[in-house]
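Novice: Heads up: the sequence lines are chains A and B, in that order. Take 1 as the starting number for the first sequence in the numbering used here and just add one per residue. Take 1001 as the starting number for the second sequence in the numbering used here and just add one per residue.
No lab work stands behind these hints: they were computed from the structure. Errors might be hidden in some of the hints.
Stated by the list, open to error - Incomplete in silico selection of chain B near chain A, CB under 8 Å:
(1) E1176
(2) T1179
(3) D1180
(4) N1184
(5) R1186
(6) D1188
(7) L1252
(8) A1280
(9) A1282
(10) E1285
As the list claims (entries may be wrong) - What follows is a set of in silico ranges between Cβ atoms, one per label pair, in the way DEER data are often shown:
(11) A1330(B) x D27(A): 34 to 44 Å
(12) E8(A) x E1003(B): 48 to 58 Å
(13) E1078(B) x D27(A): 12 to 22 Å
(14) V1107(B) x A11(A): 50 to 60 Å
(15) A11(A) x H1135(B): 41 to 51 Å
(16) V66(A) x E1078(B): 41 to 51 Å
(17) F28(A) x H1135(B): 57 to 67 Å
(18) S73(A) x D1124(B): 28 to 38 Å
(19) D1076(B) x S73(A): 48 to 58 Å
(20) R1030(B) x V31(A): 58 to 68 Å
Just so you know, these numbers come straight off a predicted model, no measurement behind them. Ideal Cβ placement from N, Cα and C applies to all residues, glycine included.
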Amino acid sequence: MRTDDTSEPAAATITPYEDGPLLVRGDFALVTPDGERIDARRGTVALCRCGKSALKPFCDGTHKVVDFRAGTSREG
Amino acid sequence: MPEPADRRYGPAPLPQPRGPLSAAVTDALRRAPHDLPASLGADLDPADPLTDEDLQLTLFLCYELHYRGWRGVDEDWEWQPTLLGLRARAERPFEAALRRLVGSPRVPSAGVAAGLAELVAADDGPSLATTLQRHADLTQFREFVVHRSVYHLREADPHSWALPRLGGAAKAALVEIQTDEYGNGRLDRMHAELFRTTLGRLGLDTGYGAHLDAAPAVTLATNNVMSLFGLHRRLRGALLGHLAAFEMTSSLPNRRYGNGLRRLGFDEVATRFYDEHVEADAVHEQIAAHDMCGGLVRAEPALAPDVLFGAAAGLAVDRLFAAHLLDSWAAGRSSLRSPAPRSLSMPTTVLPSVAGGPLAGVA
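Please model the complete structure; the sequences and the hints are all you need to start from.
Specialist: Written out as structure tokens, the structure reads:
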């Protein structure tokens, strides 16, 4: 993964992509508030950040249609 | 020469020729490797290389030797020097036509990922996806699937040519995408296999290359552009740009394709290929634009224009493809060369009840 600035890589990383979703990589589990597993179906997942996905919690590309804007690091 | 025991994955039988050049090539391929006449293809000057049936099939014949080969064709043809020479003569007008079509896309100061986003946002081609979602009948949907089968039965393969040509961040990103394309190494999750299931559900021949004779030049061109980029190291930037454009224009159309099939009464097994792509390509598009193309250009800044050329060329050829299908249907014609895609003999239970009418016209 792209965590070359740390000597001890985290087990999982979450990366905000510009104007797009959050990509989650590594050793993670997606669970419901009750602790039930949500099948991620792949090693790297994109979580919706614009709120408009029809596949939440996953991204389905709708952010492009709604002209979602967001940066890639901490805001404010 | 040895023939595989299992023919589902190729090699495909040689297609029917479409003109003097492809006839000369198919005739030659049926025999032991030998030198082709130097005059073959020397006077190539097609009016429109992208829709020239003879040129596009000739390119496809040459390129396929590097993928699965052709049934009954000696494998030594792959590196036969005079065949490679002919391929180079056929590639020149093809690449020139692609460059004429898209010009030199500008690399914005914000970087190559922003340039890709601009190209995709400006892609205002005819909406094949909307038509398939809302209006297409079963015959038309089957035609669409027949066209796409040329690529989807080897989905991801052309872009894998980039792997040994890359290092560092771009390579890691491409591997991350391709791993998913190939089902994380699980046969039943490989995208090509999901597509095979969809083909079967639609009652179509699922064999590798089964529908080549039905695919017109523009469909072959959508494939040949990937092979051109994939088989020339100098075009590695264009290859990655092509993949990025593919991924960035995939999630939303694939939802429409799946919804179109559901409207026609098909079940989740038939739509799984499209449903999978909605979610997968929403991941891939981020990786492709920012990590893969961005990573490549950070390592090799001079390749930024190539990345955007590859993306623009892929989008432009895909627009021609979409226009061909929509124009054919608007005129009441089949978009295929042969109006009858190869069907499997299939149990009637496979198809939903709505399928009886329109299917009768093509099966």
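Novice: Next step is simple, just say for each hint if it's right about the structure.
Specialist: Here is how each hint holds up against the structure:
no. : hint                          : in the structure
1   : E1176                         : 6 Å, holds
2   : T1179                         : 7 Å, holds
3   : D1180                         : 5 Å, holds
4   : N1184                         : 7 Å, holds
5   : R1186                         : 11 Å, violated
6   : D1188                         : 13 Å, violated
7   : L1252                         : 5 Å, holds
8   : A1280                         : 7 Å, holds
9   : A1282                         : 4 Å, holds
10  : E1285                         : 7 Å, holds
11  : A1330(B) x D27(A): 34 to 44 Å : 52 Å, violated
12  : E8(A) x E1003(B): 48 to 58 Å  : 54 Å, holds
13  : E1078(B) x D27(A): 12 to 22 Å : 42 Å, violated
14  : V1107(B) x A11(A): 50 to 60 Å : 37 Å, violated
15  : A11(A) x H1135(B): 41 to 51 Å : 48 Å, holds
16  : V66(A) x E1078(B): 41 to 51 Å : 48 Å, holds
17  : F28(A) x H1135(B): 57 to 67 Å : 42 Å, violated
18  : S73(A) x D1124(B): 28 to 38 Å : 33 Å, holds
19  : D1076(B) x S73(A): 48 to 58 Å : 55 Å, holds
20  : R1030(B) x V31(A): 58 to 68 Å : 59 Å, holds
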